[in-house]
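Student: Numbering (numbering that gives the first Met the number 0), first residue to last: 0 to 109.
Mixed in with the good hints, there may be bad ones.
To be verified - What follows is a list of derived Cβ distance ranges for each label pair:
id, residue 1, residue 2, range
1, A97, D73, 16 to 24 Å
2, V34, P56, 39 to 47 Å
3, G31, G55, 19 to 27 Å
4, G98, E78, 24 to 32 Å
5, R90, G31, 36 to 44 Å
6, R45, L83, 17 to 25 Å
7, R66, I33, 24 to 32 Å
8, L12, A97, 19 to 27 Å
9, G55, V34, 30 to 38 Å
10, G31, S80, 37 to 45 Å
To be verified - Computed cross-link-like contacts, BS3-like style, restricted to lysine-lysine with a CA-CA straight-line distance of at most 27 Å:
id, residue 1, residue 2
11, K10, K50
12, K74, K50
13, K10, K74
It should be emphasised that the hints constitute simulated quantities derived from the structure, not laboratory data.
Positions of the beta carbon are idealized from the N, C-alpha and C atoms, including for glycine.
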Amino acid sequence: MNDGSAKTPIKMLHDRILCESDAEAGERRSAGGIVIPATAAMGARRLVWSKVVAVGPHARAVESGDRVLYDPQDKAEVEVSGELYVVMRERDVHAVAAGRLADEAAGLYL
0 MNDGSAKTPI KMLHDRILCE SDAEAGERRS AGGIVIPATA AMGARRLVWS KVVAVGPHAR
60 AVESGDRVLY DPQDKAEVEV SGELYVVMRE RDVHAVAAGR LADEAAGLYL
């Protein structure tokens, strides 16, 4: 029986990805150093970055360890072994930042 001290292994299914939840994702600091809380009303939706910890077998562009950009309003949170994670589909990811992408040709072609 698991006493909760060891991490439970998680296997993601289909195109789902599991990301670390950033507790300070909504809070930000202005150029003048003023802390703006996550509850402050904004005119536009703000996307957040998170680190991927697990991916399903059908995820094609995202790998474990990548940082992904997503809309926090489209997320589903889950608690696993006392830690908070975000579960989403790969199609809900707006961008991927990873060192492995530097070798690939990316950008706009005019």
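Student: For every hint, state whether the structure bears it out.
Tutor: Okay, the hints, checked on the actual structure:
1. Separation of A97 from D73 is about 21 Å and conforms to the stated range, judged on CB atoms against 16 to 24 Å.
2. Against the hinted window of 39 to 47 Å, the Cβ-Cβ separation of V34 and P56 comes to about 41 Å, which satisfies the hint.
3. At roughly 43 Å, the beta carbons of G31 and G55 sit outside the given window of 19 to 27 Å.
4. Separation of G98 from E78 is about 30 Å and conforms to the stated range, judged on CB atoms against 24 to 32 Å.
5. Checked against the given bound of 36 to 44 Å, the beta carbons of R90 and G31, roughly 37 Å apart, stay inside it.
6. Checked against the given bound of 17 to 25 Å, the beta carbons of R45 and L83, roughly 19 Å apart, stay inside it.
7. Checked against the hint of 24 to 32 Å, the C-beta distance between R66 and I33 comes to roughly 26 Å, which is consistent with it.
8. Checked against the hint of 19 to 27 Å, the C-beta distance between L12 and A97 comes to roughly 22 Å, which is consistent with it.
9. The given range of 30 to 38 Å is respected by G55 and V34, whose C-beta atoms sit roughly 36 Å from each other.
10. At roughly 40 Å, the beta-carbon separation of G31 and S80 lies within the given 37 to 45 Å, and the hint holds.
11. For the suggested pair K10 and K50, the alpha carbons sit about 17 Å apart, so the restraint of at most 27 Å is met.
12. Taking the CA atoms of K74 and K50, the gap is near 14 Å; set against the 27 Å cutoff, the hint holds.
13. Between K10 and K74 the alpha-carbon distance is near 18 Å, which keeps this suggested pair within the 27 Å criterion.
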